[in-house]
Amino acid sequence: MTEDEFLALITSRSAKDVFERLANLSAKERRAFAKPAMTLFKKLDRFWINAESLPDPKVKDGEAVTIAVLATASGSELRKLSFFPRPGKVGLVEIVRALEPDWTQDVVDHFVEDRVFYVDQFRPLWEAGLCKRPESDAIILAYYSRWVGGLAKSDESRLLGGDVWRFFEVEGGGEDSLANHDKYLKRGQAGWAERLKQYADAGKLDRQRLLDASLDALQRDFGQYRAGWYSRFHVLMAPDAGEMAVRADRYLRLLASSVPPTVSFSMKHVQVLDKAGAVDAAQMLTALEPALQARAKGTVSAALKLVLNAVKRQPNLRERAARMAVLALISEDSGVQGKALDAIESLGADGVRRELAEYVDLVAPSVRARIAALADVGAVALPDMVLEHEATTSRPVVPVGSEQEALALFLTVLEAPRDPFEVERAIDGVSRFGAALQADDKALSPLLKRAKQVSASPGDSQLRFVLALTGRALAERVELGTLLKKESGDRSDFRFVSELSLQEAHLARNVAVLDRVSKGLSLPLLALPSETSGLVRVADLLSRLAAFRDAGVEPDLQDLAFALMRLDPEGRDVGELPLETQADRAVAYVLGQNVKTGPSADLWGAAWCARLPREADARVAELFAKPTPDCGVPAAMELEVNREVSRDGAYSWIDVEVPAIPHNEIKSRALPAVFGISNERFNNATCCGYTFIDIAWASLTRPADPEPFFRIGLIHQDTWQKLSDNHTRAYLEPFFRPGPPVGPLGAGVLAYYMACEDKSVSSLAVEATAVLCNEGRLSVDTFVVALKKFLMSHSLPTTRWTKALKGVADMGAGAFARDVIVGVLDFAPEETPRDIGGLLEVCFELHLGEGSKLTNPAAIACLTSIPGGGKTARFSKKLLGLTQ
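Anchor point for the sequence shown: position 1 equals 0 in numbering that gives the first Met the number 0, and the numbering is continuous, going up by one each time.
Be careful, since some hints might not be right.
Below, a list of computed lysine-lysine pairs in the PhoX-like style, where the Cα atoms sit at most 25 Å apart [to be verified]:
hint	residue 1	residue 2
1	Lys311	Lys296
2	Lys787	Lys666
3	Lys41	Lys451
4	Lys852	Lys870
5	Lys267	Lys870
6	Lys805	Lys758
7	Lys595	Lys625
8	Lys805	Lys338
Computed spacing ranges between beta-carbons, pair by pair [what the hints assert, rightly or not]:
hint	residue 1	residue 2	range
9	Val234	Arg833	24 to 32 Å
10	Gly458	Lys870	43 to 51 Å
11	Gly648	Pro395	53 to 61 Å
Simulated from the structure, these hints should not be mistaken for laboratory data.
We put the CB at the ideal spot given by N, CA and C, even for glycine.
Kindly produce the complete structure, drawing on both the sequences and the hints.
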């Protein structure tokens, strides 16, 4: 069979026919057709994903091609695929039996380890004896990923025969965990915890081993969410007094767990053992040390009670117990600190005065006098902690100085384009030294090799993809437009990056840069920031335009649009400018001259946005088919926060919207307009991208007016999401550069982000807030308005802002945090946020620490009528006591 005959067979016949024909060939004969089979398979796969933009491969039965791949490919070739090509019309067992491939075990092991759902796909192979069952963790994860009620008899036999004990060793992750399985059961379905208990009750599993295994799992410090299943299972097993007593040392050891709920679980069991006198008092006292230093208030309070109980049972432990109680003073909660002092007073403070003296300056202001008296030292009013932060100042962005430096920088940012200023310097280096680099036959070979590799696998960053394509075009000495056309199979509508994104504009700009390079021109990038504020100085832009004029070259309008969006508001009094070209007129318009507008709508949209003051201009607006945001028409963008509830009332979530009026209805690609795109269906409208790299680069688009950028940051955030490298942190980048005062949307980003579940985001937002406050760029009033929208939506836990504002205070902005809390105390009794007591406590401590009085009439009225008991009522009264 020739290659043409083989291709004709697999493209024109059914899967069953192809299977029968190939089964009659030897493995060696089939192997000869591996390359054409795999090439066609990949082409067909791409077509199924992007049918609208790719030519039809003209295949009668796609599964025939799949069978051809299985019949011809080697194990290593199959492992390189992102998925296993499994046909449905011919069973996998039948295929493996007939073809007898040498890859069966290798491929099964690989794909089962890669994705759990392959366990069920390959199960028939090991049940038929065609391979061995892999013994990887994926086998156990497969139990977690399907309903326990669907367990087959053969699976139950394996489960009880040994697999079950690996449940307590394999944590799982994502969707595949015992915690997830049992949490999302439908009504009437039994979870794994209940099933294992049933097995134990029926004598099919050793009850004592299950109790020990659950404690073993907790000792492994699995993630908090997944560890919770094992503690709940242990409670479900309901160990009696005797079973608990023999495991007393296990419960004591778990008090040192890094998982707070596990500590709470073990604390409850230790309390039961202590009440029954079934735990040694001295051992218990030793084990309580980490619990006394826990963050959870309930855990520390319970530990203090056990400390006192230990002394009741063994009085000679009194002095040691007092030293242990001192450890609880590390708590950030003033109530816990008070309980620790209660315990120390009860036990006797004489032996711990020196230790107490070390905490006088660290405890909350409300207990400072008390601890000073116990330590027999004077209480000193402490000044605010001042954040060690130098005011952010702009530094010059220095262009590269040679072709060698330009090449080295481009290779660097191709690998790690995290710094947007370095990316811009790299493109400027190509613009000015690209022609010289192309004159050297060998200089660009390293770039060509690496750029090809990156463009084939750029990861999620579109910016990195744009850089890789730019590098390839430079090294291959072709125009970027030509390369794009070649890569797209001559289709003019092919898009390498998201439509209406800033990377689309970046790609268009680089096309013009490389077009100049291909003509041997060496000219600067118009939009290169002059300094680390992201701004382009007016004098620099005029100097760069003069270089183009001297070379007799028209500036690229996309590059000019970026430059205008970055133009410094200062230094604009430059007199009359030449008006020879559209570019000249656009620059003159931005600098205040009255000129003829058009014809490029995209350029003039950017020019209007850069002109100060911004006033509606019908001449620019008419260049667009409909009113377009910040393109001749000022855009209004106001933050809206609501709490959405599911139909059955079981779930609620936060809904953050920032409507742009007018919105970009015509899908204009003008740089100001892309920030005003509306959400469509379930997709957030973001022109900035979905990686830190892309968003950080996008943050340089409009440094003098970042509010529309912050609009995207508000609608892009998922406050419950936790990521290893959370891309939304890039929306906080402008706050750490020199810039204008923070506006309403910027304040909204700070308020929203400090309440994020992901601590890498919330902690950065807290730091940014403190920095901006100390620099005088964030006003209390602006922040209060934004914070109240979130707080009064009742859609996120109030405790998140309690922790965040305490963090802001700890970083030297105590007066700011105090005034913000006072500012939000302006609501009707029925609108009182849940758990606001913590905020009131922080506010009270900040007033005490600074010796200030509560004078805000609205806050006083609010506190007078605020409902609730407990901490809310207690600290309302304490704050009202500060009005006199």
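Does lysine 805 pair with lysine 758 here, judged by a C-alpha cut-off of 25 Å? With Cα atoms ~15 Å apart, lysine 805 and lysine 758 stay inside 25 Å; holds.
Looking only at beta-carbon atoms, does the pair glycine 458, lysine 870 fall within the given range of 43 to 51 Å? Given a distance of about 47 Å, which is inside 43 to 51 Å, the answer is holds.
Can you confirm whether the C-alpha distance between lysine 267 and lysine 870 stays at or below 25 Å? With a Cα-Cα distance of about 24 Å, the restraint between lysine 267 and lysine 870 holds, given a limit of 25 Å.
Below or equal to 25 Å on CA atoms is what counts here, so check lysine 787 against lysine 666. violated (33 Å)
Is lysine 41 close enough to lysine 451, meaning Cα to Cα at most 25 Å? holds (19 Å)
Outcome of range test on Cβ distance (valine 234, arginine 833; 24 to 32 Å): holds (27 Å)
Would you check the hint for lysine 805 and lysine 338, treating anything up to 25 Å between C-alpha atoms as holding? holds (21 Å)
Under the criterion that the straight-line Cα-Cα distance not exceed 25 Å, is the pair lysine 852, lysine 870 satisfied? holds (20 Å)
Using the Cβ atoms, figure out if glycine 648 sits within 53 to 61 Å of proline 395. The hinted range 53 to 61 Å holds for glycine 648 and proline 395, with Cβ atoms some 58 Å apart.
For the pair supplied as a hint, lysine 311 and lysine 296, confirm whether the alpha-carbon distance does not exceed 25 Å. At roughly 23 Å apart (the allowed maximum being 25 Å), lysine 296 and lysine 311 satisfy the hint.
Lysine 595 and lysine 625: Cα distance at most 25 Å? holds (20 Å)
Of the hints listed earlier, the one the structure fails to meet is number 2.
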